[in-house]
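Number of protein chains: 2
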Amino acid sequence: ISESNFPVAAGLASSASGFSALTVAACSAAGLKLSPKELSILTRQGSGSACRSIFGGFVEWHRGNREDGSDSYAEEIAAKEHWPDFRMIATIVEAKKKPVSSRGGMAQTVATCPYYKDWLATVDEDLKAVRDGIKARDFEKVGSTAEFNALKMHATMITTKPSIIYWIPATMEIIHAVRQMREDGLQAYFTMDAGPNVKVLCQEKDISEITDRLKDLDGVTNTILCKPGAGAKIVNDHLF
Amino acid sequence: ISESNFPVAAGLASSASGFSALTVAACSAAGLKLSPKELSILTRQGSGSACRSIFGGFVEWHRGNREDGSDSYAEEIAAKEHWPDFRMIATIVEAKKKPVSSRGGMAQTVATCPYYKDWLATVDEDLKAVRDGIKARDFEKVGSTAEFNALKMHATMITTKPSIIYWIPATMEIIHAVRQMREDGLQAYFTMDAGPNVKVLCQEKDISEITDRLKDLDGVTNTILCKPGAGAKIVNDHLF
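The listed protein sequences correspond, in order, to chains A and B. Numbered as in the numbering used here, the first sequence ends at 220 without a single skipped number. Numbered as in the numbering used here, the second sequence ends at 220 without a single skipped number.
Since the hints were made in silico from the structure, they are not lab data. Please note that the accuracy of each hint is not assured.
The list treats identical chains as interchangeable, and a pair is accepted whether it falls inside one copy or across any two copies.
What the hints assert, rightly or not - Below 30 Å or equal to it, Euclidean Cα-Cα: the simulated DSS-like pairs (lysine-lysine) are:
#, residue 1, residue 2
1, LYS141, LYS121
2, LYS141, LYS97
3, LYS195, LYS213
4, LYS97, LYS207
5, LYS207, LYS141
6, LYS97, LYS121
7, LYS97, LYS108
8, LYS195, LYS97
9, LYS141, LYS195
10, LYS141, LYS115
11, LYS141, LYS185
12, LYS108, LYS207
13, LYS213, LYS97
14, LYS195, LYS13
15, LYS17, LYS108
16, LYS185, LYS17
17, LYS97, LYS60
18, LYS141, LYS213
Just chain A, with the same shape it has in the complex (with noise of 0.2 Å):
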């Protein structure tokens, strides 16, 4: 039996949250002590993400370079006591099942985006300066990057033969009015995973500000607020 508080959706980390702590769970059941490092390697198998779930705080992936996948893994780089005002609104703007799953659509984008290499080629400088923004706590570093990076990634994904389209009405609706939120002062970016939804990146301060805006846009069903957080534990309530 299993529970999720988060809506489980494209491109909303379902599998991520579920896999790891169906890793602690089980480890735990089955009496294994394993390292977190070792617990991250083994949630991986079920889904690529989670291996960054098992942390709290601020996680980076390790992509590894063996060709099993061993070395790949993640590691917390802060703690959540580091920067506890960043923030992060999930915005929903649908239900329906993705048009293309997103395992299937990166093989495709490898073998036949014209834009892949060059894509790769700037993965690590977005990476250092993520990871260097987040130590420095600075915000506009962390979310310009990340919004910029997030574009860089779905535009390979539409150069893709076919294509892989997963911006919809809502997801422009938000994107322009993220803009709109810079140009009138307050600090907010954008972010996607492979799915339509958007994810904004803010400080406490303007939460409610900007709550209120994406809560006007006719695509937006629903907005959630995340918070940087504990990993996965052992909780002692019962789902049965």
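Given chain A, work out where chain B should sit, using these hints.
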């Protein structure tokens, strides 16, 4: 005094038709006898794409190599009678001003887009495919090449710093609607200039079904049916 039977809006080539008409009219008034190629070179000073509108039928714009642009001009590659059932349905989605002018935008893209070189490397191949497709009246080849080329171009604008994002909610509605049409067996492809409006390439036999579907979309305020026409010419009707 000038008059247009086409909306003067972003991405609808209003400057192309206007400047080619002005050039032909002004040369006639001044008693200049220029060849079509000379007219094409001259009118390009007003608006780049106007160099194509001197001609009728299917036209190719040669980029040229000279710094001063004097060898950049257009020529007809097939007369309108060559492919009389080729159609383009222009959708009108908004009358707002473009957020970033396409001229300023292009310079930013050249300077900052990580994909710009890879984009340039694919242009000659696409141009050849479309040219061959027109000569062979191969609708799928022309349509699919034009569509993917437009996506690649918009991807370079999206990944310009700062991002040039012309797509609005209605743009995504139309893109997904056209993809759905193909799923349903209709032959339709979309293409886009530097603006939010989408043009749907199709053939005479499918006009009614495709137009109905486009008009059903929330963000589409109007559609304009276009077909291969004549070039700029002197008429005897006066506007004043």
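A quick look at each hint next to the structure:
1. LYS141 x LYS121: Answer is between: at 14 Å across copies they meet the 30 Å cutoff, but 33 Å inside does not.
2. LYS141 x LYS97: both (15 Å within a copy, 19 Å between copies)
3. LYS195 x LYS213: For LYS195 and LYS213, the Cα distance exceeds 30 Å both inside one copy (33 Å) and across copies (53 Å).
4. LYS97 x LYS207: For LYS97 and LYS207, neither the intra-copy (33 Å) nor the inter-copy (39 Å) Cα distance is at most 30 Å.
5. LYS207 x LYS141: between (37 Å within a copy, 28 Å between copies)
6. LYS97 x LYS121: Classified as both: same-chain Cα gap 24 Å, cross-chain 26 Å, threshold 30 Å.
7. LYS97 x LYS108: both (18 Å within a copy, 24 Å between copies)
8. LYS195 x LYS97: The answer is neither: 38 Å in one copy and 39 Å across copies each exceed 30 Å.
9. LYS141 x LYS195: Only across copies: LYS141 and LYS195 sit 28 Å apart there, 35 Å inside one copy, limit 30 Å.
10. LYS141 x LYS115: So LYS141 and LYS115 pass the 30 Å test across copies only (24 Å; inside, 38 Å).
11. LYS141 x LYS185: So LYS141 and LYS185 pass the 30 Å test across copies only (27 Å; inside, 43 Å).
12. LYS108 x LYS207: within (22 Å within a copy, 52 Å between copies)
13. LYS213 x LYS97: neither (39 Å within a copy, 48 Å between copies)
14. LYS195 x LYS13: So LYS195 and LYS13 fail the 30 Å test inside a copy (45 Å) and across (62 Å) alike.
15. LYS17 x LYS108: within (21 Å within a copy, 53 Å between copies)
16. LYS185 x LYS17: neither (34 Å within a copy, 61 Å between copies)
17. LYS97 x LYS60: neither (34 Å within a copy, 41 Å between copies)
18. LYS141 x LYS213: Answer is neither: 42 Å inside a copy and 41 Å across each miss the 30 Å cutoff.
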